Amino acid sequence: MAPACPDDPLRIRFCGLDFANPVVLLSGCVGFGEEYTRVAGFSNRDVGAICLKGTTATARLGNAPHRIWETTGGMLNAIGLQNPGVEAVVRDILPTLDFSETRFIANVSGSTVEEYAEVTRRFDDSPIDAIEINISCPNVKEGGVAFGNDPEMSARVVAACRQQTSKPLITKLSPNQTDIQANARRCIEAGSDAFAVINTLQGMAVDLRTRRAILGNIQGGLSGPAIKPIALLKVYQVAQIARPHGIPIIGQGGIASAEDALEFLIAGASAVGVGTALFYDPLIVPRITAGIRAYLDAQGMRHVGELVGSIQALSGTPGAPHCP
Amino acid sequence: MTSAHRGTIFLETARIVAHHSPAPEQWLLTLEAPECARRAAPGQFVHLQCDPALPMRRPLSLLRVNPDQGWVEILYKVIGQGTRQLAQQQTGQALSVMGPIGQPFRPDPQRPRALLLGGGVGMPPMIFLADRLRRDPQAKPCVFLGSELPFPFPIRPSRVLIPGLPADAIGTLALLEDWGIPCRLSSARGQPGCHAGYVTDLARAYLTPLDAATRDQTALYACGPEPMLRAVAGLAREFDLPCQVSLEEFMACAVGGCAGCVVPIHTANGIAMKRVCVDGPVFPAAAVYPA
Ligand SMILES: Cc1cc2nc3c(=O)[nH]c(=O)nc-3n(C[C@H](O)[C@H](O)[C@H](O)COP(=O)(O)OP(=O)(O)OC[C@H]3O[C@@H](n4cnc5c(N)ncnc54)[C@H](O)[C@@H]3O)c2cc1C
Ligand SMILES: Cc1cc2nc3c(=O)[nH]c(=O)nc-3n(C[C@H](O)[C@H](O)[C@H](O)COP(=O)(O)O)c2cc1C
Ligand code: FES
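Going line by line, the protein sequences match chains E and G.
If you're matching positions, the first sequence starts at 1 in this note's numbering and goes up one per residue.
If you're matching positions, the second sequence starts at 1 in this note's numbering and goes up one per residue.
The following block holds chain G by itself, in its conformation from the complex:
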């Protein structure tokens, strides 16, 4: 009689294990939240109390989780009051965390070549997905990340060749290189080792030389600012590839109760207003950006 979703989101008073700013305006936050860590999947997020004085929580994606040690990690950019207050919170203090929330990315086992595209604060879910895919012997992930701010992780020249890419795409995140996952970076502002342009430029250069059989094994997964997602959806259409995108919208409850976070989604029965928090945040790109 009652819903299968019961008891799937956990409210935890999470101690801050680590909190530092690896690059301007960006913070890495590690929280002790064992229930969330045990169940989290890439694409899911937490709804976090940034400060007791604010009436609303803030949605932030999961970057990495450790189910055994019971921590979750978040990468956030300082935007306004909430994230500014969050940046003030010290190691050892506790924050109320709700999670994991939302529909995760669902990698297609028929298409082991997973092309992961992350822009700005859309990077965290893609790194989490890469972390999961490296444990799958069938999967062949490749990651392109773009950022206008300095990257919040160490960069080094990659030793892994990716055919077709522009000559300035040299750098990778040390983290992904250590995981054995091919990765390249882009920055329209021009950063050392990064392609001067967009992640979608790298994706196009990667997809163009693929033969039909390889293309049939490829799928796109993306998270980032709206113009980037729109461009990625366009690429998916052009190369006839399935594509999942993760969306953002202002949230109040983050459990499906208020219908505050909806976006228009195209369905067989016309437009439906779907909740980013529990129906998403991951949606098929074609349903968000139809031809």
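So here's chain E without its partners, still in its complex pose:
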């Protein structure tokens, strides 16, 4: 799936794209690709790819403040897809990005199937490297997770986007659904080239002083270390469906160390995403890649691709699900 690149143990090909390493910066955490370069020592060259903020057909103001809240081991966000609209992104923002530094992935959202298709069509006619379909945003009233929690609706969105582009299509799956494997299966049939697993989990917080919800949108998406075990299981489950088709996964949800990233790779992700952890440590990516390198060395592996999906069967019951 990620053929070995003899020169660099971390360099991978992802849906035909050249990633300098398997670490991807996640949508909504790094604006439109240039924001973190404010931090001295941070470089877009250090990451395999960058997913841009969720983009819709027309500009959106997003949700009322407050939009973020710290929780135990993580945070809630309810941004509400604030973005300037796809036309402004393609016309004003993409020309300012340096595509020699890394791969840039658009993140597409909408209220209707038609809107997803329209935004995808506009990105198809742009220098963007790949397109991620966000059918799992918990923070908008229409579209988003409302599509992503229904396998049939998910497949309709993917099929509509597929018609508009030959660029790699990555479907971002929601953890807020009963059967993520059924959904993944339908999205593959509809033409998805890859998966991003998982988006945030729905949650809320209450202000005891005012007895009001803290977030302007009442509910938000939970991210950060608190969701890692859930994300890891979802990646493992989707990998059972996707890997036989040669379909790669960007595993994500709470990754905050090289060890976390390694767990996702072993569970079946070909690449790993980092979002919330950047807020605490903007220079975390070089630490993660260094840690992956060290692990490969210690295991005597020549390329990170050897790790992907290398999870070992439990002794006694090879390959069988383990029920307590």
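Hints are computed from structural coordinates only; laboratory data are not their basis.
Keep in mind the model is a prediction, meaning the values are calculated, not measured.
Hints may be right or wrong, so weigh each one.
Which chain G residues face chain E? A few, computed with CB under 7 Å, are given here [to be verified]: (1) H5; (2) R6; (3) G7; (4) L11; (5) P55; (6) M56; (7) L247; (8) E249; (9) F250; (10) A252; (11) C253; (12) G256; (13) M273.
We put the CB at the ideal spot given by N, CA and C, even for glycine.
Let chain E serve as the given structure and place chain G with the ligands on it in line with the hints.
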């Protein structure tokens, strides 16, 4: 091709040089952060790790910086978990500091009479701005500070006359008096030497007797709780003065990446959701509180 903002925020492992509580619930923290100290301007802030166990950093304004000795100073009030944990950190320990961040106050050279208004934990940026303005021979700063808690700095009766002020406005911060900057204090709770009321009362009393020519040389700069900023914006409108205010909002990244810290800002093209971290924290008052 790439942005001019690249490499402007520094991540430093900063040793705590000093940390003490000069007044109830308030702490002064001095950190060794030479890169930040060298570049910081009044109104900018740092994003600080209060404790390794917390998933998020906390935004705190810069109070004073010393570019030559490489330290920055912060004044914070204990509010919740983050600032409570921060208060536990001892001299000699290290904290991760990101800064300097944000758009600073931009003093208007056409208006040398700078009226600086600070409320509560909004005092630090105003003291930093006063420190910068005292080095500018043209500038004539005047500072009014308000606090419901005891002031975290020594107070003494001022020897500098400020015309028009109420009779109970006697005290000043020794620090500002030593810098030769006129200053008065207010506290609605009533503290010795402080005007029993709000900073905006002092500002109104100061502005009212000014003649038109003097008023044309005056500008307002403010940082403090929301009701205070709203009142200051009202004063600016009433006296037809330009005014810059520094805002607060919950932050995650503090580098412009998450759009978590936005506030509605009125622009020529209608309302825009602007990020307090990098588009602010300082905004024109008229864009935050339109007529
Ligand atoms: C640009 C800027 C400058 C600031 N400067 C200072 C300063 O110089 N001195 C000072 O004492 N305080 C300052 N504050 C406020 C300070 O950030 C909060 O008091 C602090 O984050 C509270 O954290 P906590 O965990 O103790 O409180 P909690 O209430 O437990 O915090 C919970 C969450 O809400 C956030 N939060 C709560 N109140 C605020 C607030 N007013 N602003 C932003 N985030 C908040 C916290 O960061 C945390 O993520 C500033 C805020 C901003 C945005
Ligand atoms: C502030 C914030 C904004 C986000 N915005 C988007 C978005 O616009 N589109 C999207 O597909 N995911 C969005 N996400 C989800 C992240 O891309 C990621 O899938 C999720 O946060 C899990 O990873 P993490 O725990 O490493 O952050 C957002 C997450 C955060 C924290
Ligand atoms: S805190 Fe992330 S954009 Fe301001």
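Q) Do the numbers back the hint for H5/G, that is, is its least Cβ distance to chain E under 7 Å? A) Holds: closest Cβ of chain E sits about 5 Å from H5/G, inside 7 Å.
Q.
Can you verify the interface hint for C253/G: is its Cβ closer than 7 Å to any Cβ in chain E?
A. 5 Å, holds
(Q) Checking hints one by one. Is R6/G an interface residue toward chain E, by the C-beta closer than 7 Å rule? (A) Hint on R6/G: holds, closest Cβ of chain E at ~5 Å, below 7 Å.
Q.
Tell me if the interface restraint on G7/G is satisfied: Cβ within less than 7 Å of some Cβ in chain E.
A. 4 Å, holds
Q: Go through the hint on P55/G and say holds or violated, using the shortest Cβ distance to chain E against 7 Å.
A: 5 Å, holds
Q) Regarding the hint that M56/G lies at the interface with chain E, is the smallest CB-CB distance below 7 Å? A) 5 Å, holds
Q: Tell me if L11/G is really an interface residue toward chain E, meaning its C-beta lies closer than 7 Å to one of theirs.
A: 6 Å, holds
Q) Hint check: is the beta carbon of F250/G less than 7 Å from a beta carbon of chain E? A) Holds. Min distance 5 Å.
**Q.** Status of the hint placing E249/G at chain E (closest C-beta pair under 7 Å)
**A.** 6 Å, holds
(Q) Less than 7 Å between beta-carbons is the criterion; does L247/G satisfy it with respect to chain E? (A) Constraint on L247/G not satisfied, violated at 11 Å.
Q: Please verify that hint: G256/G, Cβ, nearest Cβ of chain E, below 7 Å or not.
A: For G256/G, the interface hint holds, since the closest Cβ of chain E sits about 4 Å away, which is under 7 Å.
**Q.** Hint check, A252/G versus chain E [nearest Cβ-Cβ separation less than 7 Å]
**A.** Cβ of A252/G sits 5 Å from chain E, so the hint holds.
Hint compliance for this structure: hint 7 alone is broken.
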